[in-house]
Amino acid sequence: MAVITVSTSKRYELVDVTEDVRVIVKESGVKEGLCNVYAPHATAAITINENADPNIRDDISDALSQLIKEGCWRHDRIDNNAASHIKAAIVGASETIPIVNGELAMGTWQDIFICDFDGPRTRKVIVTVLPKS
Amino acid sequence: MAVITVSTSKRYELVDVTEDVRVIVKESGVKEGLCNVYAPHATAAITINENADPNIRDDISDALSQLIKEGCWRHDRIDNNAASHIKAAIVGASETIPIVNGELAMGTWQDIFICDFDGPRTRKVIVTVLPKS
Amino acid sequence: MAVITVSTSKRYELVDVTEDVRVIVKESGVKEGLCNVYAPHATAAITINENADPNIRDDISDALSQLIKEGCWRHDRIDNNAASHIKAAIVGASETIPIVNGELAMGTWQDIFICDFDGPRTRKVIVTVLPKS
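Same order as they appear, the protein sequences are chains B, X and C.
With the numbering used here, you'll find the first sequence wraps up at 133, consecutive numbering, no jumps.
With the numbering used here, you'll find the second sequence wraps up at 133, consecutive numbering, no jumps.
With the numbering used here, you'll find the third sequence wraps up at 133, consecutive numbering, no jumps.
Since the list gives no way to pick one copy over another, a pair counts as held whenever it fits inside one copy or between any two copies.
Straight-line Cα separation of at most 30 angstroms, DSSO-like style, residue types lysine-lysine; simulated pairs:
| hint | residue 1 | residue 2 |
| --- | --- | --- |
| 1 | Lys124 | Lys10 |
| 2 | Lys124 | Lys69 |
| 3 | Lys31 | Lys124 |
| 4 | Lys124 | Lys26 |
Read the hints as simulated data drawn from the structure, not as lab findings.
Only a predicted model underlies this, so the values are computations on that prediction, with no experimental measurement involved.
With the hints as extra help, turn the sequences into a complete structure.
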């Protein structure tokens, strides 16, 4: 188990943690297995998508903001961040990625992001590598 | 492998199964590894979010109902629950959570829910604990 | 680790890969464990839902198309497929399914799909089976 810590600077921000995850997989020495990437937060989530065009990060964030309006939910009376919770529920707290020949078996255009839907904050990403046996 | 059984009483209901999952992890004796939580249903899903304010459960459910209208889909002519299937596809059938020092490495504000999008029904949650090696 | 290759013929298409995954699980000889199903693509995703009524596949696809409009995003100026990326982020690249008694512990009405949101293309699904220990 390893922890990546990221600091976001905007209210909505997707941070690319792919390189950190790659280093953790490499240092684990695991050749075949699974790599779990987990966001231990109720207003953040993990997604896998393209970062070759970094605009996609803002497109994903904007799309979710168009779908989930702010300020109109029960929880807004308490914390005013209900939309952040709902977005996290839609995107999901975990992704699990195969490891093949000691590397993440991701596609050419895939990167791993933590999505902060309630920044700016310090966020953690927990990475767990399990060998095939 | 362990099975949690829950009975829902409403058409849309998020049921907190965190304590049951914690007991299963503890009884497994696994100190480091992964815990997979799986909903074996086509109109239910697993999500991780906050339950300190239980209103969030209804906010998530309401948000999905606003996004996915009922009664207007092809499958409604057969079963009249297409929206339930679409919501399950968006939220997803599984989440996988790290285990560290014999405990679920979840955030302070995270709880595990099964989302019943087609209740009331009896639903199952399958919990699988894998040790690191 | 095994790879399933599918060819889609439409722009939006959900392809049922359940039988291929079942064969991979059977041939692995694993009796208890987890099966990870992963889409190594930035415009495709994995979902689990019903295929007894194949209309549900189109309902899921249509619902996502209603939620995420085309042609209005930053990335559309580069690749004209931003909506495909956003849909993949919402549905997610991976699902992980328990294996019990040598079989996928899926519900009666569950099938595994790769969702191609930017077809027609050749797509891969990576299947990884991890024994309990």
